[in-house]
Amino acid sequence: MLQITDHQVKNYSEILVNQALEEYLRDNVIVCTCQRCLADIMALALNCLPARYYVTSLGEVIIKSQSEDLAEQVRLMSIVAHAVQQVGAKPSHELSKPITETEEVKKQSQSAR
Numbered sequence: 001m002l003q004i005t006d007h008q009v010k011n012y013s014e015i016l017v018n019q020a021l022e023e024y025l026r027d028n029v030i031v032c033t034c035q036r037c038l039a040d041i042m043a044l045a046l047n048c049l050p051a052r053y054y055v056t057s058l059g060e061v062i063i064k065s066q067s068e069d070l071a072e073q074v075r076l077m078s079i080v081a082h083a084v085q086q087v088g089a090k091p092s093h094e095l096s097k098p099i100t101e102t103e104e105v106k107k108q109s110q111s112a113r
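Note that the sequence shown covers residues 1 to 113 in full-length UniProt numbering.
Please note: incorrect hints may appear among the correct ones.
Simulated DEER-style distance windows between Cβ atoms [stated by the list, open to error]:
id, residue 1, residue 2, range
1, Glu94, Asp6, 44 to 54 angstroms
2, Asn47, Glu94, 19 to 29 angstroms
3, Val29, Ser78, 15 to 25 angstroms
Hints were generated in silico from the structure; no laboratory data involved.
Virtual Cβ for every residue (Gly too), placed ideally from N, Cα, C.
Take these sequences, add in the hints, and give me the full structure.
Structure, rendered in C-alpha cells:
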C-alpha cells in the first residue's frame with residue numbers, strides 16, 4: 001500500500017456529518033448512543049453524501065465555504081436524521097445491551113471462523 005507521509009488526505013464530509021450529528025444529539029433523544037450506533041449513523045449519512053477530499057488548508061477553506069449554504073445544511077441535517085432513524089429501527093445489537101468494542105471484536109473473530 002502506498003504510504004504518503006508528508007500530507008494527509010481528509011474528507012470534509014466526515015467533519016460536516018460529525019458536527020451535524022453532535023447538533024442533532026443536543027436537540028434530540030435517540031434510541032442508542034453507544035459508539036457502534038454512532039459509527040453506524042455516521043457511515044449511513046456519509047454514504048448519502050459526496051466525498052469532499054482536501055489536502056491543503058486552502059482546499060479546506062474552499063470546501064468549507066461551499067458547505068455553508070443554508071440549503072446544504074438543511075439537506076445534511078435531513079440525511080443525519082434519516083440515518084438516526086434507520087439505525088434506531090435496526091441497531092447492530094440488542095437495545096437492552098449496547099455493544100462494547102470487546103464484544104464487537106469477539107463477534108468479528110467468530111464470524112471469520
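Here is what the structure says about each hint:
no.: 1; hint: Glu94 with Asp6: 44 to 54 angstroms; verdict: holds, 46 angstroms
no.: 2; hint: Asn47 with Glu94: 19 to 29 angstroms; verdict: holds, 24 angstroms
no.: 3; hint: Val29 with Ser78: 15 to 25 angstroms; verdict: holds, 18 angstroms
Consistency with the previously given hints is maintained throughout, with no hint failing.
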